[in-house]
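Number of protein chains: 2
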Amino acid sequence: MKVFITGGAGFLGQKLAKKLAGVGKIGDVNVTELILADIITASTPEGASFSTNAITADFSKPDEVKAALACKPDVIFHLAAIVSGEAEKNFDLGYSINVDGFKCMLDAIRDEEEYTPRLVLSSSAAVFGSPVPDSIPDTFHRTPRSSYGTQKAICELYLDDYTRKGFVDGVTLRFSSISVRPGKPNKAATSFFSGIIREPLSGIEAVCPVDRSIRHPIVSPNKAIEFLCLAATLSADLLKDGRAITMPALTSSVGDMIDALERVAGKEAIELIKMEKDDFINGMIGTFQFNFDAKRANSLGFEGDTSFDEIIKAYIEDELGGSVHIAKKQKNVD
Amino acid sequence: MKVFITGGAGFLGQKLAKKLAGVGKIGDVNVTELILADIITASTPEGASFSTNAITADFSKPDEVKAALACKPDVIFHLAAIVSGEAEKNFDLGYSINVDGFKCMLDAIRDEEEYTPRLVLSSSAAVFGSPVPDSIPDTFHRTPRSSYGTQKAICELYLDDYTRKGFVDGVTLRFSSISVRPGKPNKAATSFFSGIIREPLSGIEAVCPVDRSIRHPIVSPNKAIEFLCLAATLSADLLKDGRAITMPALTSSVGDMIDALERVAGKEAIELIKMEKDDFINGMIGTFQFNFDAKRANSLGFEGDTSFDEIIKAYIEDELGGSVHIAKKQKNVD
Chain A
-12 MKVFITGGAG FLGQKLAKKL AGVGKIGDVN VTELILADII TASTPEGASF STNAITADFS
48 KPDEVKAALA CKPDVIFHLA AIVSGEAEKN FDLGYSINVD GFKCMLDAIR DEEEYTPRLV
108 LSSSAAVFGS PVPDSIPDTF HRTPRSSYGT QKAICELYLD DYTRKGFVDG VTLRFSSISV
168 RPGKPNKAAT SFFSGIIREP LSGIEAVCPV DRSIRHPIVS PNKAIEFLCL AATLSADLLK
228 DGRAITMPAL TSSVGDMIDA LERVAGKEAI ELIKMEKDDF INGMIGTFQF NFDAKRANSL
288 GFEGDTSFDE IIKAYIEDEL GGSVHIAKKQ KNVD
Chain B
-12 MKVFITGGAG FLGQKLAKKL AGVGKIGDVN VTELILADII TASTPEGASF STNAITADFS
48 KPDEVKAALA CKPDVIFHLA AIVSGEAEKN FDLGYSINVD GFKCMLDAIR DEEEYTPRLV
108 LSSSAAVFGS PVPDSIPDTF HRTPRSSYGT QKAICELYLD DYTRKGFVDG VTLRFSSISV
168 RPGKPNKAAT SFFSGIIREP LSGIEAVCPV DRSIRHPIVS PNKAIEFLCL AATLSADLLK
228 DGRAITMPAL TSSVGDMIDA LERVAGKEAI ELIKMEKDDF INGMIGTFQF NFDAKRANSL
288 GFEGDTSFDE IIKAYIEDEL GGSVHIAKKQ KNVD
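Protein chains in written order, with the numbering used here: chain A, -12 to 321; chain B, -12 to 321.
Isolated chain A, as found in the complex:
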């Protein structure tokens, strides 16, 4: 199985690449080649039993998309995107990359003879918008309240129709905010959800721009990778009711997240969080206070995180070597 990842230099693309290098397969199928595509050159994972390549391509340029996909991968993970905060501030850039770029990719696939790859689109809970019920069912309408959410909803519709016509074999996963992300803050409006956990765990101050009472659905990086891999091999027979699936999420208040950080890493950690409300971000995030019933996802084998404490512990294990450094002290975690 030849695997292609757009946004291959990004956090999720890199984590997925490392996972594939480690296990060598998706489901029961061996990976034979991995291509990481991005606008910058991605790092390729070490220790893979298959060939790995990084290619650079601008996915808003039809010729570059066509050239990149000429290798006819069996599975494409489409993770590249202009993130929410940036898409909201730069209207044209967001539509150009998130919609037109995706459409370019679909048309490049359609243009190839006898080629119908599985395409896994990373979509977002931002396709939903208030007012919402206490628990959002799988049949709830898409009413995005952001340009990013609109762009993802449009991509979902394109993917469904191109799939129905037999041009591609698409699956859309609607992810909630992925936290805890390693590395630096990005331009997503939700970036601080990772920041208020990640920075204190490294002894660095973090700003929380929203009220403690704001509730938000979260998925851990490990679960996101697990979901992507499951989507890559999901039988088309199971997808007759539509190709877009809302992924399970753990919905907690910001206060609950901070309390979990205190339980796992102590008072020193949470003292590094500065509550400095930003009305732009608070307003935008306030419209995303969602619970999902995720019945369809559960029935297909997608099972979400169960505890925010566990998400923090997994971050410490995966990214910090199992221990945390706060205020120049080292503290072991159980």
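Where hints are given, some of them may not hold.
Note: identical chains are not told apart, hence a pair may lie in one copy or across any two.
[To be verified] Only pairs whose alpha carbons sit at most 25 Å apart, straight line, appear in this in silico DSS-like list of lysine-lysine: (1) Lys282 x Lys53; (2) Lys48 x Lys5; (3) Lys261 x Lys6; (4) Lys48 x Lys90; (5) Lys174 x Lys152; (6) Lys12 x Lys59; (7) Lys261 x Lys171; (8) Lys76 x Lys227; (9) Lys90 x Lys152; (10) Lys282 x Lys264; (11) Lys174 x Lys227; (12) Lys76 x Lys152; (13) Lys2 x Lys12; (14) Lys152 x Lys264; (15) Lys171 x Lys227; (16) Lys264 x Lys254; (17) Lys227 x Lys48; (18) Lys48 x Lys261; (19) Lys90 x Lys76.
Just so you know, the hints here were simulated from the structure itself, not pulled from any lab data.
Mind docking chain B on chain A? Use the hints.
Okay, now just chain B, sitting in the frame of chain A:
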């Protein structure tokens, strides 16, 4: 109020133009100018108290769209579209006109300084797709099962986001199939719904390509015009939960429609209907067996048709001068 109609040469555009010429206003606001835009030259209505113009423009060409809208109309009715059957058979043409053309129009409006017209988009019940509940609520997800439905759903999303950003003041009306349409069959997969009533009423044979048991939501031309006019002046305050509104429809089986024709026009009429099943059309129409609860529309003042007999009688009144001609006989209708 300067009014602009795309698809102005089409059936609905012409009917709307005649209505405006007759009453001279929309809601309480006087019409001061009417522009009918289409790819062919539209007829302008007679007897209007305001100036009327027909302009030709290809709405897939950005320059032509920009030039057409330079007159800065206050209200734009966007009725132009590649219809369902044609969009299903000609994939690229459908997306080019129905999506890219609409996006061109939105961008042309956005490019004008200090200009935020009310734009009424004619969308379709085809944005929904099976499986559906017995009665589709306003919060039901858009899962189109046709390229036409997908294109309309994408336009709805664009219009919502451009409205949210303040670039335009959009309202989407989701119409069910409009019947009884006068004139000739068009390339919509639903065209026969009008044909099986219209043709017999003029003494002409008509083919019914679907089973009698197939149920379908219908809106009469007069109601469609009434809905468009209401949408043109609806206060933005009432639209905070989203700009797309599912219009009320009268859902009947094909058998019920034929029975209504017999009640209104006699046995001679229905003997002219030939049941010749077309699997392509039967399959496509079979996925549109919808009832809508239309609660939101009702709360905003949109009230649907109540009887298919009345729809047929209104067609005879409006289009046939109040009497029908079947098998060379003339028959008066009550």
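key: 25 Å Cα threshold - placement of Lys48 relative to Lys227   = neither (32 Å within a copy, 37 Å between copies)
request  = At 25 Å max between alpha carbons, let me know whether Lys152 reaches Lys264 within a copy, between copies, both or neither.
outcome  = between (47 Å within a copy, 23 Å between copies)
ask   = Is the C-alpha distance from Lys282 to Lys264 at most 25 Å within one copy, between copies, in both cases, or in neither?
value = For Lys282 and Lys264, the Cα distance exceeds 25 Å both inside one copy (35 Å) and across copies (38 Å).
message = With identical chains, the pair Lys48 and Lys5 could be close in the same copy or across copies; at 25 Å between alpha carbons, which is it: within, between, both, or neither?
response = neither (28 Å within a copy, 46 Å between copies)
ask   = Given identical chains, is Lys2 near Lys12, meaning Cα to Cα at most 25 Å, within a copy, between copies, both, or neither?
value = Within one copy, since 15 Å is at most 25 Å while 61 Å is not.
query = Taking 25 Å as the upper bound on the Cα-Cα distance, should Lys90 and Lys76 be classified as within, between, both, or neither?
reply = Both ways: Lys90 and Lys76 sit 22 Å apart in one copy and 19 Å across, limit 25 Å.
request  = Using 25 Å as the alpha carbon limit, work out where Lys48 and Lys90 are close: within a copy, between copies, both or neither.
outcome  = both (11 Å within a copy, 19 Å between copies)
ask   = Can you tell me if Lys12 and Lys59 fall within 25 Å by alpha carbon in one copy, between copies, both or neither?
value = Classified as within: same-chain Cα gap 18 Å, cross-chain 58 Å, threshold 25 Å.
query = How would you label the pair Lys261, Lys6 (within, between, both, or neither) given a Cα cut-off of 25 Å?
reply = Classified as neither; 34 Å inside a copy, 62 Å across copies.
Copy assignment of Lys282 with Lys53, given that the CA separation must stay at most 25 Å = This pair counts as neither: shortest intra-copy Cα distance 37 Å, inter-copy 47 Å.
message = At most 25 Å between CA atoms: does that hold for Lys174 and Lys152 within a copy, between copies, both, or neither?
response = between (35 Å within a copy, 19 Å between copies)
query = Given a CA cutoff of 25 Å, do Lys90 and Lys152 count as a within-copy pair, a between-copy pair, both, or neither?
reply = This pair counts as both: shortest intra-copy Cα distance 15 Å, inter-copy 23 Å.
Comparing the model with each numbered hint stated earlier shows that hints 1, 2, 3, 10, 11, 15, 17 and 18 do not hold.
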